[in-house]
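Peer 1: Use the sequences and the hints to build the structure in full.
Protein sequences, first through last, are from chains Z and R. Residue 1 is where the first sequence starts when you use my numbering, and the numbers rise one by one after that. Residue 1 is where the second sequence starts when you use my numbering, and the numbers rise one by one after that.
Mixed in with the good hints, there may be bad ones.
Unchecked claim - Calculated cross-link-like contacts (lysine-lysine; reagent style DSS-like; alpha-carbon spacing at most 30 Å): (1) Lys713(R) x Lys154(Z); (2) Lys55(Z) x Lys154(Z); (3) Lys89(R) x Lys148(R); (4) Lys151(Z) x Lys713(R); (5) Lys83(R) x Lys473(R); (6) Lys148(R) x Lys83(R); (7) Lys22(R) x Lys154(Z); (8) Lys415(R) x Lys557(R); (9) Lys22(R) x Lys11(Z); (10) Lys581(R) x Lys557(R); (11) Lys55(Z) x Lys151(Z); (12) Lys148(R) x Lys151(Z); (13) Lys83(R) x Lys48(R); (14) Lys657(R) x Lys584(R); (15) Lys473(R) x Lys557(R); (16) Lys22(R) x Lys55(Z); (17) Lys88(R) x Lys581(R); (18) Lys154(Z) x Lys11(Z).
Since the hints were made in silico from the structure, they are not lab data.
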Amino acid sequence: MPTISLTVNGKPVSAEADTRQLLSVFLREQLGLTGTHIGCDTSQCGVCVIHVDGKAVKSCTMLALQADGADVTTIEGLASEGEMHPMQEAFRDHHALQCGFCTPGMVMMSVVLARDNPDLDDDAIRHGLEGNLCRCTGYQNIIHAVRAGAKAMKG
Amino acid sequence: MEKFGIGQGIRRHEDFRFLSGKGTYIDDITHDGMVHAVVVRSPHAHAKIVAIEAQSAMAMPGVLLIVTGEDWTREGFGTMPTKSAVQKKIDGTPLNQPPRHALAIDTARYVGEPVALVVAETEMQAVDAAEALDIDYDELDAVVDPVKALAPGAPQLWDDIPGNFCLDFELGDKDGTQAAFASADHVVSLAIENNRVTAVPLETRGAIASYDPETENYLLENATQNVHANRATFAGDVLNIPEEQLHHIAPDVGGGFGAKNSAYGEPALILYAAKRTGRPVKWINQRGESFLSDTHGRGQLSTVELALDKDGTFRALRTSTIGGIGCYCWTVGPFTPSGGAARTQGGPYNFPAMYYSSKVAFTNTAPMDPYRGAGRPEASFQTERIIDYAARTLGFDPVELRRRNLMTPDMLPRKTPMGLDVDSGNFPEVFDRTLAMSDRAGYRARVAASAEKGIRRGFAIAPYMECTGGGPKEFAGVDFGRDGTVTLRVGSQSTGMGHETSMPQILAAELGIDFDRVTYVQGDTEATPIGGGHGGSRNLEVGGNAVLQAAREITAKGKRIAAHLLNSNEDDIDFADGAFKDVKTGQSIAMDDVIEASFETGRLPEAMDPGCLDTGTVYEREIITIPNGCHAAEVEVDPETGAVRVERFWAVDDFGKIINPLLADGQVMGGVAQGLGQALLEEIVYDEDSGQLLTGSLMDYALPRADDLPEMKIAYFEDAPTAKNPLGVKGAGEAGCCGAPPAIVNAVIDALAPDGVRHIEMPLTPEKVWRAIASAR
Ligand code: FES
Ligand code: FES
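Peer 2: Written out as structure tokens, the structure is:
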């Protein structure tokens with residue numbers, strides 16, 4: 001099995017990866033980062049979204065080997081020094097999660113949406129989250145949370 | 001210290017864990033030496049299993065075990081019986097129940113039915129071996145449509161069940177209803193299909209089984225919403241072992257909505273595999289497998305008839321339904337199209353007479369079991385659709401026709417013709433509040449604005465009345481630690497609804513202690529002696545009241561301790577705001593001091609021992625409650641494309657006392673989203689000939705996405721309290737699925753009324769809407 005080296009949540013890591021292993025599975029099984037979830041087999045649900053070189057990526061759409069040399073952030077790396085990221089705070093404040101299964105992907109996607117467009121309106125948020133399914137919340141509180149989280153990120 | 005009361009929108013305890021990626025869902029768990037199981041599923045809707053050649057797959061790298069129907073028979077494992085609340089046909093004989101094993105024994109009867117289990121060191125090895133497993137099938141004719149299944153000459157699923165007939169059912173006054181129909185001024189009738197859908201919790205089903213040969217005990221960690229009842233099935237019915245030998249745990253569960261209620265076959269298979277291999281065995285469904293093998297819901301074909309007088313007064317309602325349940329009775333499959341859909345027929349309207357009848361058929365499809373609402377959404381949709389249809393065909397204003405026929409508070413309490421005890425509610429007031437919220441004054445202008453763009457706009461209001469369900473008993477246990485911690489154990493279970501917050505909230509409010517001190521334990525057969533899990537919007541109604549009862553037992557004991565410490569008479573002690581007070585002397589002692597004293601023999605009255613505040617109690621509901629409310633929708637329809645947009649949505653719900661409005665909002669919004677999904681997007685479709693599932697992935701089965709939903713406006717009506725339980729709660733979980741589909745569908749029909757469209761079957765996809773417009777023109 002080939003070995004890949006990458007930066008995950010700020011730390012350099014090297015690990016073996018099966019040639020047909022998806023990045024989502026690699027993160028979960030090789031690195032034990034189970035906050036990145038898997039909800040489908042057709043890249044439709046978005047629960048696996050992480051940041052790869054600053055972009056929001058469905059980690060089930062990449063092979064682990066393709067992440068060789070990349071800078072990856074997962075939900076586990078979003079909070080800094082025990083302080084929740086403003087987007088995480090906003091999700092809690094607005095009751096934007098129920099079962100929590102979509103939540104890591106939803107938060108990771110939202111952070112990038114807010115970073116790339118600080119003046120997000122509700123339509124832009126709803127459109128931006130089209131690739132992230134949630135079966136529990138009806139999305140409304142997620143929209144409110146992203147709006148608030150984006151504002152907080154602007155500072 | 002944070003003190004919270006009942007009724008406050010406390011933010012959730014569990015969120016830190018979920019938001020930081022520290023949730024522990026089934027697939028996040030690993031054990032030393034753990035191996036992996038893959039289920040081999042039937043590719044055919046109906047086929048004899050002629051032979052399974054397992055030897056070459058067994059020889060593949062890493063393969064440890066292959067389990068087939070032959071092995072299962074040899075081991076003598078039992079079948080899984082249905083626990084449907086309806087068990088008899090109309091003639092009083094038992095329903096027809098085929099034997100359901102954990103996997104197909106000699107015949108597969110739906111695409112996706114487990115046929116074998118392959119266990120290997122790694123998941124990839126198990127997948128490879130499963131693909132290589134050589135199974136010889138002899139294909140048989142299949143039938144997926146319940147109407148066709150009941151027709152003469154249909155392919156027969158079971159040798160000893162003629163006509164694929166499971167049971168028939170009736171409820172209400174048949175003759176009285178017939179008489180009302182005979183003498184009514186108007187009768188309208190409509191064939192209505194309630195589309196077959198599936199729950200699609202974002203976490204798929206999965207489990208890990210372990211076996212300890214020394215104690216002969218099993219551990220099953222399972223993404224289920226019902227550990228106790230399913231343990232009874234796996235241990236008692238299948239494995240023939242005492243229940244105590246199976247420890248059943250649900251870790252964090254990523255949604256359920258009914259699809260994780262049942263006792264499925266896969267956990268039983270891996271329990272056996274764990275014993276055989278001596279290793280912990282993990283099985284996780286792929287999404288595609290879940291579409292094939294999760295239970296589906298709704299899927300009812302009905303003829304609904306309404307009798308009414310010239311002035312629009314309702315005289316009678318009659319519904320006859322055909323429901324398919326797949327090839328087994330599954331866990332409670334026969335109940336939904338029978339008792340489940342019957343009870344809440346007629347909604348909150350004043351019907352002097354009602355009659356419901358149904359026939360339930362076996363089909364070559366995935367099993368049917370509860371999906372959020374299990375019969376009540378069907379009843380609500382049937383009632384609201386026929387009323388709307390009557391209004392349009394007879395020329396009544398749909399809003400007025402509804403308003404004038406609602407039960408009024410002076411009619412309550414009453415037993416409906418369907419036998420439902422309606423104790424409380426103010427349906428006209430809830431209706432009026434919904435109307436007031438929905439800005440009727442501005443409606444004309446909005447219609448005009450839509451028309452400018454060439455778009456039709458429509459509005460509909462849908463009052464609903466449903467009922468709770470699920471296990472009638474619940475256990476709550478409270479343990480106090482010397483370090484000040486409080487552990488609350490309850491047998492009901494959250495799959496996302498936030499019990500870790502709402503249940504400690506009740507306890508903390510009652511005891512006057514800090515909410516953050518309470519640790520919550522659920523989903524564990526060793527933590528509570530009984531447990532009803534999750535289902536039927538039962539948690540606050542049954543579990544919440546168990547917590548309240550435990551808290552009251554604790555304060556009663558606390559009074560004795562306080563009296564002892566204050567040298568008072570126990571009868572003079574009052575408990576309020578976290579303190580025991582002697583009403584005569586004015587002396588008081590805090591709950592925390594009493595808790596501390598409860599550990600010290602010297603500070604306790606004679607008959608009490610250290611640790612005496614620890615409490616375990618069972619609450620039993622006497623009678624189910626009646627959640628109700630009113631939903632309304634405004635939609636835009638593009639007549640050129642048939643595309644529907646739900647523009648606005650309003651809900652006023654009477655759930656009784658609201659414990660935590662933040663969590664209640666979540667239940668309403670999530671339920672409305674699923675209701676919108678059923679109304680506009682979702683449908684399970686099987687190919688009529690081959691019985692293949694055509695909607696077997698998230699590419700083919702359309703779940704609502706963020707931009708399908710409007711901003712909903714939600715309010716609660718709390719002025720009609722129920723005395724059915726001490727907390728005064730009515731249940732919140734399933735309301736959205738009852739209110740949203742009729743509100744949305746009837747709003748689309750309203751928008752297209754000028755085009756002459758009278759009915760479109762759900763889901764209202766652009767194609768169906770476009771065709772309806774085209775054929776009406
Ligand atoms: S797991 Fe569903 S999109 Fe990646
Ligand atoms: S919170 Fe359960 S899927 Fe989004």
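Peer 1: Now, for every hint given, state plainly whether the structure supports it.
Peer 2: Do the hints match the structure? See the list:
Note on Lys713(R) and Lys154(Z): the hinted pairing holds, with a Cα-Cα distance of about 28 Å set against a maximum of 30 Å. Among the hinted pairs, Lys55(Z) with Lys154(Z) is consistent with the structure: their alpha-carbon atoms are about 19 Å apart, no more than 30 Å. With a C-alpha separation of about 20 Å, the suggested pair Lys89(R) and Lys148(R) falls inside the 30 Å cut-off, and the hint holds. Taking the CA atoms of Lys151(Z) and Lys713(R), the gap is near 23 Å; set against the 30 Å cutoff, the hint holds.
With a CA separation close to 16 Å, the supplied pair Lys83(R) and Lys473(R) stays within the 30 Å bound. Restraint check for Lys148(R) and Lys83(R): satisfied, since their Cα atoms lie roughly 26 Å apart, inside the 30 Å limit. At roughly 27 Å between alpha-carbon atoms, Lys22(R) and Lys154(Z) fall within 30 Å of each other, so this suggested pair holds. At roughly 39 Å between alpha-carbon atoms, Lys415(R) and Lys557(R) are farther apart than 30 Å, so this suggested pair is violated.
At most 30 Å may separate the alpha-carbon atoms for a hinted pair to count; Lys22(R) and Lys11(Z) meet this at roughly 19 Å. The suggested pairing of Lys581(R) with Lys557(R) holds, with an alpha-carbon distance near 14 Å, which does not exceed 30 Å. Distance restraint check for Lys55(Z) and Lys151(Z): the Cα-Cα separation of roughly 20 Å lies within the 30 Å cut-off, and the hinted pair is therefore satisfied. With a CA separation close to 57 Å, the supplied pair Lys148(R) and Lys151(Z) exceeds the 30 Å bound.
Our distance criterion of 30 Å between C-alpha atoms is met by Lys83(R) and Lys48(R), whose separation comes to about 28 Å. Taking the CA atoms of Lys657(R) and Lys584(R), the gap is near 34 Å; set against the 30 Å cutoff, the hint is violated. Among the hinted pairs, Lys473(R) with Lys557(R) is consistent with the structure: their alpha-carbon atoms are about 23 Å apart, no more than 30 Å. Taking the CA atoms of Lys22(R) and Lys55(Z), the gap is about 23 Å. The hint holds against a cut of 30 Å.
Simply put, Lys88(R) and Lys581(R) have alpha-carbon atoms about 56 Å apart, too far for the 30 Å limit, and the pair is violated. A distance of roughly 26 Å separates the Cα atoms of Lys154(Z) and Lys11(Z); the hinted pair therefore holds under the 30 Å criterion.
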